[in-house]
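Quick mapping for you: the protein sequence lines, in order, are chains X and F.
Quick note on the numbering used here: the first sequence kicks off at 1 and runs consecutively.
Quick note on the numbering used here: the second sequence kicks off at 83 and runs consecutively.
None of these hints come from the bench; they were simulated from the model.
All of these numbers come straight from a predicted model, not from anything done at the bench.
There's no promise every hint is true.
Below are the DSS-like pairs computed for lysine-lysine, each with C-alpha atoms no more than 30 Å apart in a straight line [unchecked claim]:
id, chain 1, residue 1, chain 2, residue 2
1, X, 5, X, 63
2, X, 43, F, 220
3, X, 43, F, 231
4, F, 220, F, 231
5, F, 220, X, 13
6, F, 231, F, 298
7, F, 298, F, 158
8, F, 158, F, 84
9, F, 231, X, 63
10, F, 84, F, 203
11, X, 13, F, 231
12, X, 13, X, 43
13, F, 298, F, 84
14, X, 63, F, 158
15, F, 220, F, 84
16, F, 203, F, 220
17, F, 203, F, 231
18, F, 231, F, 84
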Amino acid sequence: MPVHKVVVDILLKPEILDPQGQAVANALPSLGFAAPVSVRIGKHAEVEVDAAGPDEALEQVAKMAEVLLANPVIEDFSVRLA
Amino acid sequence: MKIGVVTFPGSLDDRDAQRAVRLAGGEAVALWHGDADLRGVDAVVLPGGFSYGDYLRAGAIARFAPAMGSVVDAAKGGMPVLGICNGFQVLCESHLLPGALTRNQHLHFVNRDQRLRIASKATAWTSDLPDEVVIPVKNGEGSYVADEKTLDALQEQGRVVAYYEGGNPNGSLRAIAGIANERGNVVGVMPHPEHAVEELTGPGTDGLGFFTSVLKTLVQA
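Modelling step: build the complete structure from the supplied sequences, incorporating the hints.
And the structure:
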């Protein structure tokens, strides 16, 4: 079976406070950048799987994201082919 | 009464938890993350620290340890389980408790003596506590979050066991410091009762009450 690379992007849900993002947003003006309206920081994972086709690869990795890579209580995730 | 303390790679407070068990009058049993055998213990403590380096999310990897499979089964059967700090994170990641612990609101690691209001004594680990205790809090990811519905349910059902008093150290929603499951056998607290068991090394001995609570609960069972 061919190898497919699937990208998972994980971000805190909009209603969950992101203190890391806020700290970065507050730091940017001190470096001379215009103050951003907002910054949200998340995780990016690249998972390579053996799968018959791209749909199966996406399905496999979406399941991994749901069970382990993301915590659905606080995070949203999206999967796409690299 | 035998109380097991699970050591994960990266656990820090396992020895302190064992010591607290002994000072409270129990027999402490060291349990190993890679071993599914709980060695006949009557209750389990998941200690503080940084299990598996907090990789991915605090507590996320510990959930898959062989010992945790046994702890989850035992907890569902009614065995008392206390998660302290990282142990609380592990309990949430294992879905034994609702919600999650996230980065402290102000991003700083907090380490201080903390006043807590004990809001429920109807659990295996809090029955012997006074209305207020002072125990140390030390965490970087201790901000308790859950959706509004879950928070309402926890409060209505008397499942918030402790609230922060005199300042919320990490931005936890509704100043929640600890919660219990519906049955009251599983409790998670962010502050560290095992660091307040001797006058010499802590702010007092208020933490002992968590451990004497479970010993009394077990004797009565």
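Now the hints, each set against the structure:
no., hint, verdict
1, X:5 / X:63, "15 Å, holds"
2, X:43 / F:220, "25 Å, holds"
3, X:43 / F:231, "27 Å, holds"
4, F:220 / F:231, "28 Å, holds"
5, F:220 / X:13, "26 Å, holds"
6, F:231 / F:298, "33 Å, violated"
7, F:298 / F:158, "20 Å, holds"
8, F:158 / F:84, "19 Å, holds"
9, F:231 / X:63, "26 Å, holds"
10, F:84 / F:203, "22 Å, holds"
11, X:13 / F:231, "16 Å, holds"
12, X:13 / X:43, "13 Å, holds"
13, F:298 / F:84, "12 Å, holds"
14, X:63 / F:158, "25 Å, holds"
15, F:220 / F:84, "27 Å, holds"
16, F:203 / F:220, "23 Å, holds"
17, F:203 / F:231, "23 Å, holds"
18, F:231 / F:84, "37 Å, violated"
Hints 6, 18 from the earlier list are contradicted by this structure; the remaining hints agree with it.
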